[in-house]
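Enquirer: Sequence:
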Amino acid sequence: MSQEDRPFIGINWGSSNFRAYLIAHNGSKIDEVSRPCGILGLTREGMEEQIELLNVQWPQARQIYASGMIGSNVGWVEAPYIQCPTSIDALSHQLTRTKMAGRDVAIVPGLTCDDASGQPDVLRGEELELFGLLMRPSSKAGSGHRTILLPGTHSKWVSMTGNSIEIFFTSMAGELFDRVTEKGILASIIDGPAKPGLWFSRGLGESWSSGRSLASLLFQARALVMRKKMEKADAASYLRGLLIGSELADAKARLAQFGTAAIEMVGNPLVASLYQAALDEMGLKSIIVSSDSACLAGFAALHQASFEAEAQ
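So for the sequence shown, the working numbering puts the first residue at 1158; every next one is plus one.
Ranges between beta-carbon positions, derived for each pair:
id : residue 1 : residue 2 : range
1  : Ala1410   : Asn1212   : 44 to 50 angstroms
2  : Gly1440   : Gly1349   : 26 to 32 angstroms
3  : Asn1183   : Glu1388   : 48 to 54 angstroms
Just so you know, the hints here were simulated from the structure itself, not pulled from any lab data.
Owing to the predicted nature of the structure, the values given are computational and were not obtained by experimental measurement.
Virtual Cβ for every residue (Gly too), placed ideally from N, Cα, C.
Model the full structure from these sequences, guided by the hints.
Expert: In structure tokens:
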């Protein structure tokens, strides 16, 4: 087997979790491992131990690429951010190459951008999912504008044109939901999960169009339960609706092409389904793509771009 044909490893290494793929030279997945071994819970020796386990399990792998918090200031080595607009080719030219457990590891840089007022934003780990979307058979890479949503604890809204990531912004709506429903005065009114339906739609509509502050609307949930105008079983749905509606209003205001084409989502299917229900309410089309397939395609694109850069 030639060096070019040997499989390679792609690692998505976050704060809480470690996921690694053994990937064939054609981009297909051969094997994968997932462990609750995020960067924040590991010493440097612990990080090397994870790489050594991969060495034993997949000795045939030629190259290791690692993205996510492994390249942050609390990771193995800090990989600088790349300024947007940027492409997969630019990413491949700015890998931070290092050694871990005796193996060459290429750490993927994060991305940064500035909004219209000059305020910065950053992402790290999601860049490969974004570029992976361009590899999908139905992709319109190189021919138009796309709006991408990576819903989660810290959702990323991304504007892409052709093969380039142009600009993005981050919403903490997911974390806010987790915080207010786990602790504090609103936690006492929660009895059941958030789901699409009447109260989700009501919350969505109020934060989208009422003009009231989100802080005021969130407390309204308590008042509705206290006055027996909403059941506790519906409170989580209402709160989710408020937060997602506020997030969608931000996206409409900040992304010039928002709503002009189907919004592509990559992430947890349960969370993505709530956003899809919200977009349906607004009359906007959306497509859900699995995180696994987007991540694999992104690593394959990076590997190809990196191989071509080395050959030059």
